[in-house]
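Quick note: the sequence shown uses the working numbering, first residue 1, plus one each step.
Keep in mind the hints are simulated off the structure, nothing from the lab.
Be careful, since some hints might not be right.
DSS-like, lysine-lysine: derived pairs with alpha carbons at most 25 Å apart [stated by the list, open to error]: (1) LYS64 / LYS86; (2) LYS86 / LYS43; (3) LYS75 / LYS43.
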Amino acid sequence: QVQLVEFGGGLVQPGGSLRLSCAASVSIFSINAMGWYRQAPGKQRELVAAVTSGGSTNYADSVKGRFTISRDNAKNTVYLQMNSLKPEDTAVYYCNAVTTIVVYWGQGTQVTVSS
1 QVQLVEFGGG LVQPGGSLRL SCAASVSIFS INAMGWYRQA PGKQRELVAA
51 VTSGGSTNYA DSVKGRFTIS RDNAKNTVYL QMNSLKPEDT AVYYCNAVTT
101 IVVYWGQGTQ VTVSS
């Protein structure tokens with residue numbers, strides 16, 4: 001069983017930055033992949049960024065060049081650095097962990113980009 005807790009959401013003005021953190025209750029060293037998804041009101045949940053155990057990363061086209069995902073295995077934490085935020089980035093952001101057996105999800109953290 002893996003528990004994931006997200007931190008760092010909030011209200012930010014357009015063009016601003018936020019860093020989300022996802023703390024896992026177990027070592028993430030051997031977790032196949034960890035990622036960040038988001039879900040805006042009335043829309044489906046979508047992949048934002050993911051990082052594999054080997055360090056390979058994948059980003060949604062809408063966030064490339066603005067967001068950076070990273071993992072700190074020593075702290076069992078995955079981060080999402082979000083720069084140049086836009087109103088369309090407003091959503092609930094969820095962390096997930098992909099193992100060979102099951103996918104785990106955090107409870108989500110709200111990010112609101114508004115002036």
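Query raised in the report: Any hints this thing doesn't respect? Which numbers, in order?
Result: 3
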